[in-house]
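Dock chain B against the given chain A, drawing on the hints supplied.
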Amino acid sequence: MLQPETAKLAPGLKPHLKEPSENLLLALKATLKRDLVLMLRRRGEVLNPLVFFALVITLFPIGISPDPELLAIIAPGLLWVAALLAALLSLDSLFRSDYDDGSLEQLLLAPQPLSALALAKVAVHWLLTGLPLALMAPILGIMLALPGGSYVVLAVSLALGSAILSLIGAIGAALTVGLARGGVLLSLLVLPLYIPVLIFGAGAVQAAIAGDPVTAHLAILGALLAVALMLAPWAIAASLRISING
Amino acid sequence: MWSFIHKLGSPKWFYRISAKLQPWFWVAAAGLIVVGTVWGLLFAPADYQQGNSFRIIYVHVPAAFLAQSIFVSMAVAGLVFMVWKIKVADMAAAVMAPLGAAMTFVSLFSGAVWGVPTWGTWWMWDARLTSMLILLFLYLGVIALRGAFTSRDSASRAASVLAMVGVINIPIIKYSVDWWYTLHQPATFTITSRPAMPMDMWLPLLIMVLGFYSFFIALTLMRTRNEILRRESNKRWVRELVEGAK
Numbered sequence: 458m459l460q461p462e463t464a465k466l467a468p469g470l471k472p473h474l475k476e477p478s479e480n481l482l483l484a485l486k487a488t489l490k491r492d493l494v495l496m497l498r499r500r501g502e503v504l505n506p507l508v509f510f511a512l513v514i515t516l517f518p519i520g521i522s523p524d525p526e527l528l529a530i531i532a533p534g535l536l537w538v539a540a541l542l543a544a545l546l547s548l549d550s551l552f553r554s555d556y557d558d559g560s561l562e563q564l565l566l567a568p569q570p571l572s573a574l575a576l577a578k579v580a581v582h583w584l585l586t587g588l589p590l591a592l593m594a595p596i597l598g599i600m601l602a603l604p605g606g607s608y609v610v611l612a613v614s615l616a617l618g619s620a621i622l623s624l625i626g627a628i629g630a631a632l633t634v635g636l637a638r639g640g641v642l643l644s645l646l647v648l649p650l651y652i653p654v655l656i657f658g659a660g661a662v663q664a665a666i667a668g669d670p671v672t673a674h675l676a677i678l679g680a681l682l683a684v685a686l687m688l689a690p691w692a693i694a695a696s697l698r699i700s701i702n703g
Numbered sequence: 739m740w741s742f743i744h745k746l747g748s749p750k751w752f753y754r755i756s757a758k759l760q761p762w763f764w765v766a767a768a769g770l771i772v773v774g775t776v777w778g779l780l781f782a783p784a785d786y787q788q789g790n791s792f793r794i795i796y797v798h799v800p801a802a803f804l805a806q807s808i809f810v811s812m813a814v815a816g817l818v819f820m821v822w823k824i825k826v827a828d829m830a831a832a833v834m835a836p837l838g839a840a841m842t843f844v845s846l847f848s849g850a851v852w853g854v855p856t857w858g859t860w861w862m863w864d865a866r867l868t869s870m871l872i873l874l875f876l877y878l879g880v881i882a883l884r885g886a887f888t889s890r891d892s893a894s895r896a897a898s899v900l901a902m903v904g905v906i907n908i909p910i911i912k913y914s915v916d917w918w919y920t921l922h923q924p925a926t927f928t929i930t931s932r933p934a935m936p937m938d939m940w941l942p943l944l945i946m947v948l949g950f951y952s953f954f955i956a957l958t959l960m961r962t963r964n965e966i967l968r969r970e971s972n973k974r975w976v977r978e979l980v981e982g983a984k
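Protein sequences, first through last, are from chains A and B.
When we follow the numbering used here, the leftmost residue of the first sequence carries the number 458, and every step to the right adds one.
When we follow the numbering used here, the leftmost residue of the second sequence carries the number 739, and every step to the right adds one.
Bound-form chain A, shown alone (with noise of 0.2 Å):
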């Protein structure tokens, strides 16, 4: 016997008579677990900025000097830089497989603000790439003789930095996805911006090796990421409406 549709349903739940922010919440929900699970079924694309940061600071002691002496100094320096072009280099896949398929298009069109959805792309992006290096620079710091009682401050300070560094690169990805060989040019674009997050990054390790106080640096990477969370959103969804309406 032919039931009426509204019969197949559980008692309560009414999909399209939700409250507007009860949807926003389920649409972050969704494009949070969609981005994990994507990343994480392409396991290459996560590892690939780890092991680039490894090569990189191998490059190092070979190019300039084995003696552990001069690499201490210059430690904490590499490590940031080499941290910052590894995520610099994962920036790219951030929207283009989602350009490609065409479920960016989705994205704009949804009825949740595009800010926020952006801003959940984002969150996986550093979940996976700028948590993860952060985790690996102490390692590393161990191969380049950084000097000790530094290590929790490089971890921290790359974590709260890679969180600006993905969303400040996230506007020069959306600005860069339509184009076909946007690659080069993204990292013209973002790298300058990058610099304020290395000063006070990189300054953060030097000041802990120093025996400074730390909490300044620290302190004023956490107001520039309160800053770009603030700010990063607008222009990443304008400039994905650029990039999929040119």
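Worth flagging that the hints you see were computed from the coordinates, not collected in a lab.
For each residue, glycine too, the CB sits at the ideal point set by N, CA and C.
Certain hints may be false.
[Claimed, not checked] So the derived list for chain A, only partly shown, Cβ under 10 Å to chain B, looks like this:
1. ILE625
2. GLY635
3. GLY639
4. LEU645
5. LEU648
6. LEU650
7. ILE652
8. ILE656
9. SER696
10. ARG698
11. ASN702
Only chain B this time, still in chain A's reference frame:
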């Protein structure tokens, strides 16, 4: 007020009004620059520490002022274009970018030349030099992004977004580089330790700065007019203008 802005937004009207304004700015630019150059190079007293080499200031400082002002004007023009869809604003932003990059290069180059007699070296990682170098990269990024798009509308909007992102970042970059420099303070003679300028050195400098600004306005008007003719070449008034001139 509003009708004035709307009229200014029409390329045809802008073309007419700028034809009237343009000669005044060219005359002002030529007059001020000639007076400032002659006064600054021949009549202003030599510096008691730096001798005659300080006269580079009459090119260096106005160029550095323009380099920063042009980026801000470019971002303002980009904002006007994004909010009110005024095409003339984007044409002005497009022609400003190369001039701004050129001015940044002039200030960097004149600074390097000035560095030889005062610091004994062509380049120093001085805070101001470093932030000017970053500004040059920001300009090159905006120019490259505009050139990378095939669709003119996307190019305009992408360049506007990037200019606005850049202008928010410029103060952050500036202060972080200043901060970085104070951490790495090298023990050398800096420009800032020079005593305040006497009046007969300062007046020609002011005249040169005003002259450079007039030159910027005149050149921007002229090149925006060219850009209007190029982009509106299929409009009837442009065709009538060109054919009538024959």
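Status of each hint after checking the structure:
1. Because the beta carbon of A:ILE625 sits about 8 Å from the nearest beta carbon in chain B, less than 10 Å, this interface hint is met.
2. For A:GLY635, the interface hint holds, the least distance from its beta-carbon to any beta-carbon of chain B being 7 Å, beneath 10 Å.
3. Given the 10 Å rule on beta carbons, the hint for A:GLY639 holds: about 7 Å separates it from the nearest Cβ of chain B.
4. A distance limit of 10 Å between C-beta atoms decides the matter here; for A:LEU645 the minimum to chain B is near 5 Å, and the interface restraint holds.
5. Annotation: A:LEU648 was flagged as interfacial toward chain B, and the flag holds, the nearest CB pair being 7 Å apart, inside 10 Å.
6. At a threshold of 10 Å, the smallest CB-CB gap from A:LEU650 to chain B is about 5 Å, leaving the interface hint in force.
7. Given hint, A:ILE652 at the interface with chain B, holds; its Cβ is 6 Å from that chain's nearest Cβ, closer than 10 Å.
8. Among the interface hints, the one on A:ILE656 holds; its C-beta lies about 4 Å from the nearest C-beta in chain B, closer than the 10 Å criterion.
9. Residue-level restraint check for A:SER696 holds (minimum Cβ-Cβ distance to chain B is 6 Å; threshold 10 Å).
10. Taking 10 Å as the C-beta cut-off, the interface hint given for A:ARG698 holds, the closest approach to chain B being about 8 Å.
11. For A:ASN702, the interface hint holds, since its Cβ comes within 10 Å of a Cβ in chain B; the closest pair sits about 7 Å apart.
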